[in-house]
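Asks: Sequence:
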Amino acid sequence: MTMEDIHITKRRVRLWVFMMLFVTLFTACVCKSSSGLTIEHTKPCQTVLHTSDSVVVYIQGYSTNNAVIVSQSLTREVTYAEISVDSKAKLLSPIRTDREGNLYFAYRSKDEFFVRLSPTGEVDQVLLPRIWAPQSIWLGDTLVLDSNGSEELVMVNTEMQVDSAPALSMGYDGEAESGVLGTSSGEKPFVLWVATYPIRRDGGLYAKYLTFDPMSKQMEENFLPILNTKTDDLSETDILTDRIHTVVYAVEPENGYTLLCFGINSDESDYRGAYLELYDSAHAEPVMTEQACCSNNVFRFAGGYFLTDRYYEGCSHNWIRRLRDGSKVIALEEFENDDELIWNQIVSNGDSFIYINNKKAYYIDQQGKVTGEYTIDFEGFPNCWGSEECFGFSQPFYPKNETVSP
Numbered sequence: 029m030t031m032e033d034i035h036i037t038k039r040r041v042r043l044w045v046f047m048m049l050f051v052t053l054f055t056a057c058v059c060k061s062s063s064g065l066t067i068e069h070t071k072p073c074q075t076v077l078h079t080s081d082s083v084v085v086y087i088q089g090y091s092t093n094n095a096v097i098v099s100q101s102l103t104r105e106v107t108y109a110e111i112s113v114d115s116k117a118k119l120l121s122p123i124r125t126d127r128e129g130n131l132y133f134a135y136r137s138k139d140e141f142f143v144r145l146s147p148t149g150e151v152d153q154v155l156l157p158r159i160w161a162p163q164s165i166w167l168g169d170t171l172v173l174d175s176n177g178s179e180e181l182v183m184v185n186t187e188m189q190v191d192s193a194p195a196l197s198m199g200y201d202g203e204a205e206s207g208v209l210g211t212s213s214g215e216k217p218f219v220l221w222v223a224t225y226p227i228r229r230d231g232g233l234y235a236k237y238l239t240f241d242p243m244s245k246q247m248e249e250n251f252l253p254i255l256n257t258k259t260d261d262l263s264e265t266d267i268l269t270d271r272i273h274t275v276v277y278a279v280e281p282e283n284g285y286t287l288l289c290f291g292i293n294s295d296e297s298d299y300r301g302a303y304l305e306l307y308d309s310a311h312a313e314p315v316m317t318e319q320a321c322c323s324n325n326v327f328r329f330a331g332g333y334f335l336t337d338r339y340y341e342g343c344s345h346n347w348i349r350r351l352r353d354g355s356k357v358i359a360l361e362e363f364e365n366d367d368e369l370i371w372n373q374i375v376s377n378g379d380s381f382i383y384i385n386n387k388k389a390y391y392i393d394q395q396g397k398v399t400g401e402y403t404i405d406f407e408g409f410p411n412c413w414g415s416e417e418c419f420g421f422s423q424p425f426y427p428k429n430e431t432v433s434p
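The C-terminal residue of the sequence shown carries number 434 in our numbering, and the numbering is unbroken.
One should not assume that every hint holds.
Unchecked claim - Okay, the calculated beta carbon distance ranges per label pair:
#1 E362 x V154: 40 to 46 Å
#2 P281 x Q394: 16 to 22 Å
#3 T148 x D114: 50 to 56 Å
#4 K397 x E105: 23 to 29 Å
#5 I370 x P281: 44 to 50 Å
#6 T148 x C343: 36 to 42 Å
#7 R229 x E362: 43 to 49 Å
#8 F218 x M188: 18 to 24 Å
#9 V190 x E362: 39 to 45 Å
#10 Q246 x Q394: 36 to 42 Å
#11 A109 x V190: 17 to 23 Å
#12 L369 x M243: 39 to 45 Å
#13 Q395 x K116: 38 to 44 Å
It should be emphasised that the hints constitute simulated quantities derived from the structure, not laboratory data.
Nothing here was measured: the structure is a model prediction, and the numbers come from that model.
Every residue gets a Cβ at the ideal spot worked out from N, C-alpha and C, and that includes glycine.
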């Protein structure tokens, strides 16, 4: 090797070291959102979003003539397009994120739309059929919106394909029934609609639920027997038989469990208290029964879990609990030690959870581990008392490999 070859080799080594140092410094930089959002933890800067990254979508200037839907990454410097909306605009669905960082959600601004926002600023949206006060649930890459009072539900997927099917909330007599939309657990989850009030048939009391497959549009009606409810004789007998005003909050078809709330009467007063119960229909026995305030809670269920949001002015709870035994995924009380908390919200994609209050957003996995923690202090975030109509935090699609075409 000549002296010239040695000098060339040294220059190449120095250049390689410099490039490696530059890459290390670049990838180790602290990410900062353009919104000025305080981030509790730092990650390497990346130019491409992933499904584990989160975005908050909210209506800035909520209920004003200058309202706009803003989407901001909690972890990266990303520019999503803003959507100008009217003063009555609402978000109609949870927010989902795909591998490329695209956002998907439905919203109302005079008409109903389903939109896809790319992290590079593109907007693609499609007009949806008119739906009144819809409940919405994601199953894989398909969004299902069912509305009490509508004859059809609406489906739309990430390919922007829109379809419809008979409404799950429509009863036998053509009148809308009260119920809640959710998803089941298991290897192949499906959409569930659970009637709020039990029905009487064959001399007994049953929880009614419907299963729905968005791919085939197949709908199936099912019933789970529950303990009888007294509606006329209010005398005190037994806690398991003398029940009044039973309501159904969730079912778990995988094991035949039903989540119920009911009242108990006594001779001394017209009302003795409310009880939450996880009932095993196959063995006709409760898995869990506990005294709880039910009426001031908003119950949801997805993927074998039930969630409740707390109202601070009432006797209510913040829960993420399992439908298999009623156990808690995480003790949310540890996040509620601030006197200035005024609202809470818990959401789930059926696989993970987000607990949000007016101070912070916590991302939580199935084991109850907090995987992300973000302070809600950015300018323009709406003061709408925790309403899902004006903000949402993104989650990845679940099931992850599900591809559903309406």
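Asks: For this structure, which hints from the list above don't hold up?
Replies: 3, 5, 6, 10
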